[in-house]
Every structure is written in structure tokens, then in C-alpha cells.
Amino acid sequence: MNSMKAKLVIADDEADIRRLIVFLLRSYDLFEAQNGKRALELICEVQPDLALLDVMMPEMTGLEVLTAMGENPLIASTPVIMLSAKGQADEIEQGLQSGATRYLVKPFESQALRTCIAEVLRESAPSPVKE
Amino acid sequence: MRLFVREKRPTRVVDWLNARLSLIFVLILVVFLLGIGASLYAFNVQRHLDDQKVLLREDADGMLQAMTDQQSGLRDYISTNKSVFLAPFLLGRPAYLASLQDLTTQLQTGPFQHTLIGLSVVEETADEWYNNYAISQVQEMQAGKLTDARSDTSILNGSSLFAQFRAAMVQLQVTIGQDLVVYQNQVNTINLSLVIGSLVLAVGANAAFLWLLRSFTGTLQRQLVRLTSTTERLGEGEQSARVVSLTFIDLDQVGQSINRMADAIQQHLNTIEEAMRTLERQYALVERAQSESRAIFDASSEAFLFISASGIVHAINRPFREFFAMSAEEIVGMPFADLQHLWEALFANAASFHADLAQDSANQERRYTTMAIQKEPQYRELAVSSTPVPGSSNAYLGRLYVLRDVTREREAERLKAEFNALVSHGLRSPLTSIKGYTDLLIQQEETGSLTELQQEFLGIVQSNTRRLLALVNDLLDMSRLEAQTMVIHAVPLDLHSLIRDVTRSMRPQIEERRQRLSLRLAAAPFIVLGDENRVGQILTNLLSFAASHTPLEGRIDWETQPAGVTGALDTMMVRITCSSSGDFSAGDVAAFNQPFFHDSAPSTSETVGGLLGPSITRSLVELHGGTLQASAEAGKGSAFAFTLPLAPSQASMQEVIAHM
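First to last, the sequence lines map onto chains A and B. Counted the way the numbering used here counts, the first sequence spans residues 110 to 240. Counted the way the numbering used here counts, the second sequence spans residues 2 to 661.
Heads up, some of the hints might be wrong.
Examples of chain A residues toward chain B, derived with CB under 8 Å [stated by the list, open to error]: (1) Gln197; (2) Asp199; (3) Arg223; (4) Ala227.
Some chain B residues well away from chain A (every beta-carbon gap over 12 Å; in silico) [what the hints assert, rightly or not]: (5) Asp51; (6) Ser230; (7) Leu270; (8) Ser309; (9) Glu447; (10) Asn474; (11) Arg576.
It should be emphasised that the hints constitute simulated quantities derived from the structure, not laboratory data. Even for Gly, the Cβ is constructed at its ideal location relative to N, Cα and C.
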């Protein structure tokens, strides 16, 4: 089952950005959400290998999704990469303290995003092989 | 009498009294002695008189007896012719003369003129009998003429003469009695005079004593009245009243003391009056200053509330009255505890506001700013700053609360925050799409090949996207700097390493302009205390600015050197200089040297991306505790020099080197 593609939940309210990310990460098994609430539902449903969350989203912000994930043992250990237009030092600090594995600031370099996702997946890989 | 009325010569009360009492004592003593002398004199006179009485009688009786003895002896001799009877006759004559002599002597010691006359009569009759009768009879007898002697004629003659003598003697006795009565009367008169004189003297002495006492008490009273009347006049406020010179030294001394006291009081009163006048002048000045202060107090656009050290509302100003539509009478004088009810009627956050204020009494030094949301009579957001007010001697006078209406400022801040959110999210999101898709297209790897023209145009899009992104970042930095919410995470950094990194990242731009960049860094590394991203941003901004303002093929130098202890921080600093062979314009230099960038027009269109750069760079340097100075001299190039604090361990090392 090693050849199975990693599952990623991508949440961003901007369709254009979602489309860009989907294009860049098309090699993964992707699940898209246009708001925070939907993202949390998808994460619970799919239990992805990684979640890529925007911060400023309707319904639930990315930080609220992170907090909710922390309260659910099934998905609490899912690695999360925050991808936000809010790039000040304290905002990054806040995201990491809320439980994010990485924090990327928009606009991002395509290659930097791909590298970051690959690294996070590799770091979480030692987990048992999925059935 | 002058002795008692003369008061001019000063004397002590006791001396004065002693002198006069001694005089009276002597006077009484003299009177007493005179009385005794008079009594003794009277006694002696009386005794002498009594002796005279006895002696006169005895002498008179002795004369009579001696004459009788002569007469009887002569008679017996004549009748008997016996010589034996001549003896009484012969002895009687000396006895008579002796008694006569005694009587005469006695009579000369007193007023006995009448008796002396009587005695001379007696003496004549006795001598008549003796000389004319007795002697002749004895001679006749002795001659033997007995008959003649014994004749009746002779005998009759003899008896007649002796009868005359006896009659004279009787008369003498009577006269003696009369003279003694006169003499006794004289003595009685003298005694009576003496008694009367003594009484008069005694009464006189007592009168003098009484007069003296009255004189003394009168004088004393007059002088005491002068003293008391003067003190009373002084007490009634007659400041010119003084005690005149007094006879008695001790009272005069009291009077002079009162005068000195009055002088001193007068002097003090003068001083007090002068002080009062000065105070009045100062009070007028203070009142004027106070009314001016009040006018200034009222002219402020901020509301003032002053609570005294004892926790009583002491003063408010006009804006305070207008903010809360209340008069000074409604709140001035109110104790602090009662203000809570007032706040509850006025403020939405009354409880927390009052709790903030309540801590002030516990900590007089406390300074802080808090917010109050006013709900009545009008909605206002008030920034309340609380400051202790020290007096001239640094004593705590109370606390001043300054309430500033920040409703509009806060609204503006909210708008600004919303704008910042719009910028950060609203601009960055589209920029993310533009940049992402442009990058994909230009890379051509995943989207297919492009014509050269397409590549060129997309390159322009990419470049402008970068500039737009830089501007967005600067706007965000600027708003954070203005809001003072920029946070610096200072850690020890290797300065030279950072300079090399920045230089490396800027190298393509510099090489493109064929500029020469050289690093003249100190041999030893400098470990500075700074935020890595922000120090990188400073270095990037400066190098970017220098590169874009240095002509083609120009020269750019980095230099680092110790700067000693400079700036606001009490620590060793390092100076980083970025010099350029180009001439920066005066506007560019000013842009770096001013706290904020006021010139809204960028010097060239190329610097749009760095519109806010100078101000941000300068603010970032200052946030690190350093200073930034830009300079330019026509024809000699330009330079930026800024300082950063050395990390403590290296600062101490540099200090050692500096002292070597």
C-alpha cells in the first residue's frame, strides 16, 4: 500500500488559490474545502495525512479548525500546514502555538510549498502503513 | 515733709520703707526716753519738796528749842546765880546759829522768798534778845549786879524781847507752810506739763507713723495704677502706651520690662503687618495665577478630575462638566467611595473603571492609562490617564485624572485596522494567485512553452508583483510601527554573516548594474543583539536603496567598527556603514533622517517599492536601540551609518579592548 498517494485536505475560501494549490499538488490525493467548517468535516471524514489550512476563512477560521482538531483524538495528530496572508511574526507564532506543524505566508513560492509538504509527510511517515 | 513727697530720687520699695520705719522708730524712742526723763525729773522734784518740808520744820523747831534753852538757862542763872545754868545758855547759841544756817541754806534751794523774809524777822528778834538783853544780863550777873539783873524792868524787858522772838517764830512757821504750798503747786504744774507733753509727743509719733503708712501705700498704689493702666491700655490695643519713669526702682524695672515688651510687641506687630502686606500681595498674585491656571485648566480639550490626597474630589474643569453635563457643585467635595454610583450612571464599564481607580490610593506612584466607555449623556470612548501630582516639596498632593475623548481616534484605529486587514488579506490573496500562476507560466515546465514576447511580458508582471508585495509588506510594517505594536525578538546574531547573506541575495541586482561591492568588515566577528528578520530587513533596505541610487559601475562598501557606548542604551555598540559613490538627493537623505517619511512624492518612479522604506528602516534601527544617519556630499558620495547593540558577552570584551 506504499504506492497509495498521500491524502491531503486543502482549505481555502479563495477558489483561484485553491485551484493553484490543487494544480501544484496534483500528485497527491486531494480533498478541497471552501471554508473552515467544511474543512473540519472533511478531516474527520477522510482522516488525511496532512491538512493545508488557510487562516482567514468563513464559518470557522483555520485556527479554530486547529483547536477543534486538537480536541478530537482521531485527528489530533494529523499534521497541519497553515497557509496564510497573515505573515507577521506574532501571527506566525500564534499559528504554531495553536498546533500547526508549519506556517507558510502567502504569496508563497511554488517549490517552497511542495518541499514543505514533502518534508512534513516524510516526518510523519514512520506511522504504521495504512490498510 | 519734703522727705515723704520727693519721689524723683529712684529707690527700692523695701529701702524706702525701711528708711522711713527707722526714722519713726527713732522718733518713738526719743518720745519714750523723754517721757521717762520727765517722770524721773518730776519724781525728784517731789522728793526734794518732801525733804524740804521735813528739814524746814526740823530747823525751825531746832532754832526755837535752842532759843528756849538759852532763855531758860539765862533765867535759872539769873535767879540762882549758879554758873551751872550758864551751860545751856552758852550751848544754845551755837545750836541756834547752826539751825539758822541750815534753814537759810534750805530756803535757798526753793521758792521760799516769803520764808526768808520771815526768817530775817526771826533773826532780828533773836539777835535783839541775845545782844540787847541776854549778854547784858550775863555781864551784870558776872559783875555782881544781881539786882539790876533781877529787876522787874530787866525781866520784863527780857520777856518782851523773847515774846517778840516767839511771835516771829510763829509767823515764820506760818510763812513756811504757805511757801511749801506754793512750791507744791509749782511741782504739780511741772508734772502735769510733763504728762501732757509726753502724751502730745506719743500722739505725734503715732500720727507720723500713720501718715507714713498712708503715704507709702498711696505712692505704691499710684505707681501700681500707672503700671496696670499702661498694661490695660496695651491690652486694649493702644500700641503707643508706655510706663513713665517710676520712683521705686523695682517697680520702675517692671515698668521698663513692660515697655521693652511693648516695644518688642510693636516691632513684631510691624513685622506681622509687613508680612501681612506681603502675603496680601502674594495672595493677589496667587489668585491671579490661580484664575489663569483655571482658565488654562478650562481651556483644555481634555476633561480633568483632581482627587486630593485625602480622597476628596477637589476640582474639575469645563470639559469635565460638559462631558458629563454636571455642575462643579454636584461632584466637588464628593468622597472617592461615592464616585462609584456616579460612574455607574455614566459608564458602561463602571465596575472595572472604579476598580482601576481604587488601586491608586494603595500605590501613590502608579501611572497608567485605562479606558472608560461613557454611555450617558452621550456615547464616548475616553482614555483616562492617572498621574500622581507632587507638591513643591514632593509631598503627595493628590491624583489627576485626564479624560481624553478618543471616540474618533478609536474609530479611526478600527478603520485603520480594518484597512490593514484588507491590505494583508485582501491584497495578498490576489497577489498570491497572480504570483503563483505567473511563476508557473514563466517556469514553462508544467504549463507549456511560451514565446519570447510572452516571457518578457510575464517577467514584467512578475517584477511588478514583487514590488506590489514589498509595498504591502511596508504598509503593514508602517502601521505596526505607528501603532507601536511591532515586536522585536532580540537574540545574539553574527552581524558579518548577516551582511554576507544579504549581499549574496542582492548580488544579481548589483551585478546587473555592474557596481563594485566590497566588504571591509572588522577582523573579529561582531555578535549583535537583534531580531534576525528585522536586522536582515534593515540591511536589505539600505543595500537596496544604495544599489538603486548608485550609478552604473559605481562603488558600494560595507564597513563595521566598534562605536563605544552611544545612544540611549548603556551598552557597547557597533557602527555599520553602507557607503556609496553616488550622490543621494537631499530629499533621500532627509527621508532617512526624519522620524517619518513626510514627502509623499517619491524621488523617482523606481523607488515606489521603497516608498516607506526609509522611515521603516530608521524605526527598526531605533527599536533595536540604535541610531541611523544618512549623509551625502556632492561629488564625494553618500553613506548610511547605523548602530546596533553588541550582545552582552561581546560588549564586555569590546570594552576591555577599548581600554587597552
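Hints and how they fare:
Evaluation of the A:Gln197 hint against chain B yields a held restraint, the C-beta minimum of about 7 Å falling below 8 Å. Hint on A:Asp199 holds. Least Cβ distance to chain B is approximately 6 Å, under the 8 Å limit. Against a cut-off of 8 Å between C-beta atoms, the interface hint on A:Arg223 is violated, since the closest Cβ of chain B lies about 11 Å away. Nearest Cβ of chain B to the Cβ of A:Ala227: about 16 Å, over the 8 Å cut. The hint is violated.
Every Cβ of chain A is farther than 12 Å from the Cβ of B:Asp51; the closest lies at roughly 154 Å, confirming the non-interface assignment. Its beta-carbon lying about 93 Å from the closest one in chain A, B:Ser230 satisfies the requirement of being farther than 12 Å from that chain. Against chain A, the non-interface label of B:Leu270 holds: every CB pair exceeds 12 Å, the least being about 75 Å. Non-interface status of B:Ser309 relative to chain A is upheld: no Cβ of that chain comes within 12 Å, the nearest being about 43 Å off.
Not every C-beta of chain A lies more than 12 Å from that of B:Glu447, the closest at about 8 Å, which undercuts listing it as non-interface. A beta-carbon of chain A is positioned within 12 Å of the beta-carbon of B:Asn474; the least distance is around 8 Å. With a least CB separation of 26 Å from chain A, B:Arg576 remains clear of the 12 Å interface cut-off, as annotated.
Comparing the model with each numbered hint stated earlier shows that hints 3, 4, 9 and 10 do not hold.
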